[in-house]
Amino acid sequence: MIELPILNSEGKQVDVLKIDEAVLGGEIRHALLKQAYVVTHGNQRQGSARTKSRGSVEGSTRKLYKQKGTGNARVGASRVPNRKGGGVTFAKDRTREAFRTELTKKMRRLANRNALLAKLVDNEVKCIDALSFGEPSTKAFAGMLKKVGVDRTCLVAVGAANRNAMLSARNVDGVDVRRIDQLSAYDLLNHRYLVVDKASLASFIDGSCFPVAEQA
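Using this note's numbering, the letters of the sequence shown map in sequence onto residues 147 to 362.
Please note: incorrect hints may appear among the correct ones.
As the list claims (entries may be wrong) - Below, in silico cross-link-like pairs of lysine to aspartate or glutamate (EDC-like), each with a Cα-Cα straight-line distance of 16 Å or less:
(1) Lys293 to Glu156
(2) Lys292 to Asp319
(3) Lys164 to Asp275
(4) Lys344 to Glu149
(5) Lys293 to Glu270
(6) Lys344 to Asp327
(7) Lys344 to Asp275
(8) Lys293 to Asp275
(9) Lys230 to Glu204
(10) Lys344 to Asp161
(11) Lys164 to Asp352
(12) Lys285 to Glu156
(13) Lys344 to Glu270
(14) Lys180 to Asp333
Stated by the list, open to error - Estimated spans, in silico, between C-beta atoms of each pair:
(15) Gly217 to Ser194: 41 to 49 Å
(16) Asn317 to Leu163: 23 to 31 Å
(17) Thr250 to Tyr211: 58 to 66 Å
(18) Arg325 to Thr241: 25 to 33 Å
(19) Asn317 to Ala244: 32 to 40 Å
(20) Lys180 to Asp319: 24 to 32 Å
(21) Arg298 to Ile174: 16 to 24 Å
(22) Asn336 to Lys238: 26 to 34 Å
(23) Glu173 to Glu204: 56 to 64 Å
(24) Glu156 to Asn317: 18 to 26 Å
(25) Gln159 to Arg196: 53 to 61 Å
(26) Thr207 to Ala244: 24 to 32 Å
(27) Ile351 to Ser194: 33 to 41 Å
(28) Asn336 to Val162: 23 to 31 Å
It should be emphasised that the hints constitute simulated quantities derived from the structure, not laboratory data. Backbone N, C-alpha and C define an ideal beta-carbon position, used for all residues, glycine too.
Work out the full structure, taking the sequences as your base and the hints as a guide.
This is the structure in structure tokens:
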């Protein structure tokens, strides 16, 4: 059982949240986390790199000069790959879809939860009792991060209705914001800390933050 300290906006502990490791996969599965990271990273490729093959380069297909009688080595057209300005032997023509891979639904869900478990084990989760702001304030949010001990890159996870917290966090250097139901292993592994409020974290663990179809 993991006991996660609950902090207030001043960085002082006010409560403890007990989390069962079994709900998050029981143990850290490094191979699964790497696979989830590589798949997500690969799916972000634009797939827009292009080079021209000899058939795509403009120019005549005529031989530059006759094959016999000149004393020179035989040559072909000017578009061949071994001549300057010619085409490329193995031209790049793959589209974005050619790079896409997928995880099964069960693997993706487990990877997301297991990444959270890895953060909890490494003491890299800063759980706040409430991320409530009367109005958007980047200064106030940056001050809170400093008080709770965030000194590196940080991922902030909030509920969909907590718009003021989203607006407050989005302009802080080294901070990215995600809705709690969009939290992924890729995002968690790409940041040193996770900052989340107690209610959002509890909803992620018990699955209540996800649509009914996703919980099935």
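* Asked: Which of the numbered hints above does this structure break?
  -> The structure conflicts with no hint, since it agrees with every one listed earlier.
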